[in-house]
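2 protein chains.
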Amino acid sequence: MGIVLKGIAAALGEALTVKRVDIRIEGNKIEKISESPLPVAPADELVSGEGKLAIPGFVNLHTHLPMVLFRGAADDLPLEEWLRDRIWPLEARLTDEAVYWGSLLGLAEMIRSGTTAFSDMYFHLDAIERAVAESGMRAVLSYGIIAAELDAHGKEELARAEETVKRLKDGEERMKAAVAPHSIYTCGREVWKRAVELALEQEVPIHTHLSETQTEVADCYVRHRMSPVELLQEWGGFSAPTIAAHCVHVTPSDVDILARHRVTVAHCPRSNAKLGNGIAPISRLRSAGVNVGIGTDGAASNNSLDMASELRFAALSAKAASGDPTIIPAQEAVQMATVAGARALGLEGTIAEGNRADIAIVDLEQVETIPTSDPLSSLVYSAGRGAVTDVVVDGRFLMRDRSLTTIDEDRVKYEVKKIAKSYKN
Amino acid sequence: MGIVLKGIAAALGEALTVKRVDIRIEGNKIEKISESPLPVAPADELVSGEGKLAIPGFVNLHTHLPMVLFRGAADDLPLEEWLRDRIWPLEARLTDEAVYWGSLLGLAEMIRSGTTAFSDMYFHLDAIERAVAESGMRAVLSYGIIAAELDAHGKEELARAEETVKRLKDGEERMKAAVAPHSIYTCGREVWKRAVELALEQEVPIHTHLSETQTEVADCYVRHRMSPVELLQEWGGFSAPTIAAHCVHVTPSDVDILARHRVTVAHCPRSNAKLGNGIAPISRLRSAGVNVGIGTDGAASNNSLDMASELRFAALSAKAASGDPTIIPAQEAVQMATVAGARALGLEGTIAEGNRADIAIVDLEQVETIPTSDPLSSLVYSAGRGAVTDVVVDGRFLMRDRSLTTIDEDRVKYEVKKIAKSYKN
Chain H
348 MGIVLKGIAA ALGEALTVKR VDIRIEGNKI EKISESPLPV APADELVSGE GKLAIPGFVN
408 LHTHLPMVLF RGAADDLPLE EWLRDRIWPL EARLTDEAVY WGSLLGLAEM IRSGTTAFSD
468 MYFHLDAIER AVAESGMRAV LSYGIIAAEL DAHGKEELAR AEETVKRLKD GEERMKAAVA
528 PHSIYTCGRE VWKRAVELAL EQEVPIHTHL SETQTEVADC YVRHRMSPVE LLQEWGGFSA
588 PTIAAHCVHV TPSDVDILAR HRVTVAHCPR SNAKLGNGIA PISRLRSAGV NVGIGTDGAA
648 SNNSLDMASE LRFAALSAKA ASGDPTIIPA QEAVQMATVA GARALGLEGT IAEGNRADIA
708 IVDLEQVETI PTSDPLSSLV YSAGRGAVTD VVVDGRFLMR DRSLTTIDED RVKYEVKKIA
768 KSYKN
Chain L
348 MGIVLKGIAA ALGEALTVKR VDIRIEGNKI EKISESPLPV APADELVSGE GKLAIPGFVN
408 LHTHLPMVLF RGAADDLPLE EWLRDRIWPL EARLTDEAVY WGSLLGLAEM IRSGTTAFSD
468 MYFHLDAIER AVAESGMRAV LSYGIIAAEL DAHGKEELAR AEETVKRLKD GEERMKAAVA
528 PHSIYTCGRE VWKRAVELAL EQEVPIHTHL SETQTEVADC YVRHRMSPVE LLQEWGGFSA
588 PTIAAHCVHV TPSDVDILAR HRVTVAHCPR SNAKLGNGIA PISRLRSAGV NVGIGTDGAA
648 SNNSLDMASE LRFAALSAKA ASGDPTIIPA QEAVQMATVA GARALGLEGT IAEGNRADIA
708 IVDLEQVETI PTSDPLSSLV YSAGRGAVTD VVVDGRFLMR DRSLTTIDED RVKYEVKKIA
768 KSYKN
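Going down the list, the protein sequences come from chains H and L.
The opening position of the first sequence corresponds to residue 348 in our numbering, with each subsequent residue numbered one higher.
The opening position of the second sequence corresponds to residue 348 in our numbering, with each subsequent residue numbered one higher.
In this list, chains with the same sequence are indistinguishable; a pair is considered to hold if it fits within one copy or across any two.
Taking lysine to any residue pairs in the SDA-like style, the calculated list, with each CA pair at most 25 Å apart, reads:
#	residue 1	residue 2
1	Lys-764	Gly-733
2	Lys-768	Asp-443
3	Lys-353	Lys-764
4	Lys-540	Glu-577
Keep in mind the hints are simulated off the structure, nothing from the lab.
Working from the sequences, and respecting the hints, build out all of it.
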């Protein structure tokens, strides 16, 4: 008993080469991909590929899942004001219950837009883990460490991070861990050193924010006489595999450092735009050999977890900023949003025999996507999340014919609205 | 017998002030807006406003409707190459039949994303008019004049434009006309002068492309020792009310000229981005008093006619380019996409008693839009075209509960796919 995708255009392998094939999924794996028809047993679940495209599911490389609770709560503000005056006071009032329901809401939104894996940084990890486990989504979760010094508070933060990593390592394979010192401006040198030691010891990646705003960069030059990237290099911050979100304001020398240390950049173009932080030089980063994935950031600064829109914004804003329409063509945009993100998280992330079955299926026969010259172009430039019909994670449907199978959306919406109302008081 | 929107959050008047109201539509007009419940007669069509937002429908201020036929046919190219080597040869093969079906496809896409009026420039006008008439959409249509000299060809082009204007003036009120000299690089001085005379005589606006690419601007300086905006001023090009698409590369002096002549800019941010033309300085234009509306441009350079995505891109790209997150807040983005566009086309364009009923209804109770702090923020930053449930133009439903009422989508898709196949040969 498996799943058979019949006569479907599929973006295969790392190159996302589109071919019309049959795909058989057994257990949690892609068992067989064939250009000639595969047999279908009566017990198999059959998906007609007519007019559809199968892609490796989107990997949302940087988000803060429960922040959907603060969607639209603080628009049109610069990051510092947004964070200190609006978001942190709201977060101080969060409960496990609120984080649990918020996480389920965010998971529902991500599944609906074709996401099959994500990398998160937040707190109230127990509640997030519970929601992710129920949803069937694949995730790399991390506790966001905020500590200037290695004092009692700093040690407590690191202990929480360690506890999270160990618990997740003992749990199911679908959920992994990272160590997440929040940034160079919220964590001091000694805290960073311990965080990196923990990551190396536990063999998990570092997940952080880096060179997001001009203020961060200017303050760093004033305090340390070097850029945030140079500072982190000096601190030994790149000794463990690192996912650095944003990297908007990077010098050519910063780009070299990121490339040399094999840092992955989680490009969050809509959050960077909305907070007035600018447009990260992803074409330069990619040319230097840096692995660049795509993230939505939290829904309080985007205000959306929709990877389909995010990759379109990534492609278009790169062309606008550089003046070069040939950079980040559709296929590269899709690679960033899938393969590149998966690589950073240690996932397989391609449609290939033997790989775990993490697949999104989009219907390209909508009025907004026809005629379709190139399915990847239609996906990037014309389709929206509404085109996503089915999502498979680890061989299991999380969405089938646009209906979620693991999350009770009505219940989640009801609970989130109740919680949101309580935050207004 | 009318339509009653019951207990709906509605963005009222020019300021788009959101209030929960009942709205009665009779004939093609908004008859009554009331904060206390309005009676509903048995023959009335009732729309529950629960969780929904009514906005004045989007006005797509610059598009080339039938170019949906070339969606994805020429991606990742600079404008000059895109136009001369790819698009013009394809357009040379267009037939009335192809334009008719393409127009219906584009109309379906626009209605589905909440658009109630648009301003178009193309050729094969008969076929476009037939499609628009059937669709029930409101439109300002224009024949794109391309003629360097006032020779036999130039006179023929102007005669076609004149014929189009006169025919549309005699037709139904829903369809109006403009005069459309294509640009300063495709139309010479004498052609422009005649086009402006025609617009003044017939009391219709001019619709053109202006300062779209750096090449256009550089060539203009070389040939005329002034900017395209200065040249057009010298040619008397702004004597008639003008809708100028793009205006990406404008100097402070250009901005003053545009403001002084009350030119409306049709900002097409995704087309400008995709072709590598940059980001128009809309905040500077607006500060100078220029009326700025939003257009999608044709689907061959976007590749989408979705105004909901376009206004989000407009807001986010303006913040990214300026580094100022406070500019173009959600309400201003919606105003540009509705009120500003309507003003340029001589339409009423607001939800107010006595106005023509051109309304889009969006459902903000989706997983991607809740919680909703501010409905306009949810619309701009979180919702997508999938949130649009109902569209009313001139008092008539063109979409009801996500089903189109005037266009047979399956037939249109079938015909367009057939046509697209023939273009591949």
